Amino acid sequence: MNPVLRGFLRKEFLQIIREPRVLAMVFVAPVLQLILLGYALSTEMRNIKLAVVAEPGDFVMTRIAERAYSSGWFVRGTADPADPVSSLKSRRAEVVLIAPPGGLTRGLARGNAPGRRSRPSVAPGNAPIQALVDATNAVRARTVEFYLQRILAVVLAELGPPEGSGRSRPSILLDFRMLYNPSLRSAVFMVPAVIVLVLGIDSGLLLVFALAREKEMGTIETLIAAPVKPWEILLGKIIPTLGLMAIAAPIVLGVGVFWFGVPFRGPLWQLVLGSFLYVVSMAAMGTLVSTLVKNQQQAMMGMFMVFLPCIMLSGIFFPVENMPGLVRWVAYLDPIRYFVNILRNIMLKGGATEVVWSNMAALAVLSMATAVVAVRRFRQTLN
Amino acid sequence: MNLPDPRRTYAMARKEVRHIVRDPFTLALALGLPLVIVWFFGWVMDLDVRDIPVAVVDRDRTRASRELTEMFSASGYFRLVPPEDGDFLGMLDADRVKGVVVIEPGFGRNANSGRPARVQVLLDGTDNSTAGVLAGYVAGIQLAATARLAGGSSPPPARLVTRFLFNPELNSRWFIVPGLLVVVMGVMTVLLTALTVAREWETGSMELLLSTPVRPSEIILGKLGPYLVLALAAVAFVYVMARGAFGVPFRGSHPLFLLGCLLFLIPSLSLGLLISVVTRSQALAMQISAIAGLLPPMLLSGFIFPNESMPVFFRWFTMLLPPRWFVEISRGIFLRDASLVELARPFLALAVLSAVLVGASVRRFKADLEP
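Protein sequence lines, in the order shown, are assigned to chains C and P.
Throughout the first sequence, residue numbering follows the working numbering, covering 1 to 383 in sequence.
Throughout the second sequence, residue numbering follows the working numbering, covering 1001 to 1371 in sequence.
Among the hints, a few may not be true.
Said to hold, decoys possible - Coverage of chain P stretches by chain C, computed from C-beta distances (three or more under 8 Å per stretch; other residues unrestricted):
| hint | segment |
| --- | --- |
| 1 | 1040–1051 |
| 2 | 1304–1316 |
Stated by the list, open to error - If you only want the chain P side, here are some residues facing chain C, beta carbon under 8 Å, derived:
| hint | residue |
| --- | --- |
| 3 | Gly1090 |
| 4 | Gly1125 |
| 5 | Ile1141 |
| 6 | Ala1158 |
| 7 | Arg1331 |
Don't read these hints as lab results, they were simulated from the structure.
Note that the structure is a prediction, hence the values are computed from the model and not measured.
Every residue gets a Cβ at the ideal spot worked out from N, C-alpha and C, and that includes glycine.
Given the sequences, and given the hints that come with them, work out the whole structure.
Take a look at the structure:
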């Protein structure tokens, strides 16, 4: 290694070790961020407030309610039998189940009487149970309906086929199995994404602030005067960042796997390679931002303005496929997006060659391109 | 205590307006931010689950199996992808499909003879919220398929008639757009006020202002007034966009809605003031207010991630944050036509939080004035 670079690296390492804030940022902040976001960003459909309007003697309805409450999806809500909509408005309930007139138990018995044709308005069900669902949140409302359907099917199956009708069970059965995440835990999906965010933002921030500080304190002039080439300065900044991330990444990953119980099914070396490319591309992006700012306050603003769109377009929170054409094209320039694809696929699905390597190639091209532009811009600002 | 003098307050407000107009950064933030937020969350973001790639592996090749395949493609939710022979698990691994439907030989025979005909459906569960919706669609197809293919069987003895209230078309924009207000207002008030007051401290002009006959209460009111007006203008903008461009209904009462906005703006402005008094430097005020003004409205308010899904600790913690209550009010009034009585809890909570935050910031501000 050339001696200039070695000396430069030593200076950078000393600077990092002497600054307790940086060390805290690299080792403590990611873990805290991961735990905070891992819990808060939950899309699991739980704690749905269910209220049941039925006569006390209606034992099938009671059975449905008990099933629902013990399923873990629903909690008890309250509803005014005279005005159930009002309890939805005040959020005392999210779903109100209303027994058919005369009660469900009696309705079921009546429906089985031979020779009786059901009225077309309520066909084909003989005993329609009304479910009033607060559909403000459309995704949640759909899931709520699905849960209720399933609970109803289970309760009806337990009651057994009614006498008189030979086969009442649906004779086409779509048995579904949820792969990769059978209990549909939100953490399994979100925690890998949060790991990506934490690593990327921290490595970008390190670079921006390191360079902005040199500018603010005027030491960048000293560096220009010294016999160091611009790319050596940048390498001297990027290598320590890589080193810090090489320590921070296993810590964060460990928290994800052991604390949140996210599976890790793929080869580790692919993950290491992907992380390397990702950290380089984010660090290059940080360098690029730092060439546009004069001091640390502007650096903060700059990071904000670059990283926020990157997070929004990464597909972590909102599906990229649903975005309009032009935005979808811009999203191809987002390194976060590729690494999210890689990490989720490796951790949850064991790493499909096609997904991992196409995203890896895109990430490599992107990090090279960003690095080249960053070095050129950096050289220009130095002269 | 004397009431603030309107003339002096107005003079302070005029000074602040000049500051805003002259500072390109503030102006850009105040005008550009609502536009960008509405554009992104209104047009770019789309949480609807549709066009889900699904592969149907038909090993039965009968009329019944073809009809079932047809039902998947005709439902409008799925996009059929030609399956690869043998390795359909690989398609799931490679993210090419979200589900695989395997129809084994004998399906058609069983369906025609009234025996239970089983079909294996493998769904990608990684994204739990999409998977939940997907499972619902599949269940719907099961019902329809039973009615059509096994026509002879009797209907189920009881069924669920679901009425989706307040948003019958299940449009996810109706959920997002009323919540947008909280992000727009949260960022504008906390960030901008924290910056403006911190600037007066940093440049030392606060001491100058205090030595003039203008009273502290007039300084605060005069400085915060213009931002209140700006934020209300942004609310009006989002309101017009919501109704005009996105077709979101407004079913509740306008005065109640305005009251809710004010009850959210007052604690937010106080929070900005508090941050600036405590930090006294623009850079620090900016960092803290960027976090305090952005994180709670975006992630902890229920705007996208429902509060009900959070662990117990967060459910209690978010109760201390005004954004969470405002989102409830906004959605309640926009979509559910909720009255003050029905929204008593969020209104009460916002009133209490306003009192606490206004009290704390005024006390800190006064304590700082004494040498």
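Starting from the hint list further up, note which numbers the structure goes against and sort them upward.
Nothing - there is no hint that the structure violates, so all of them hold.
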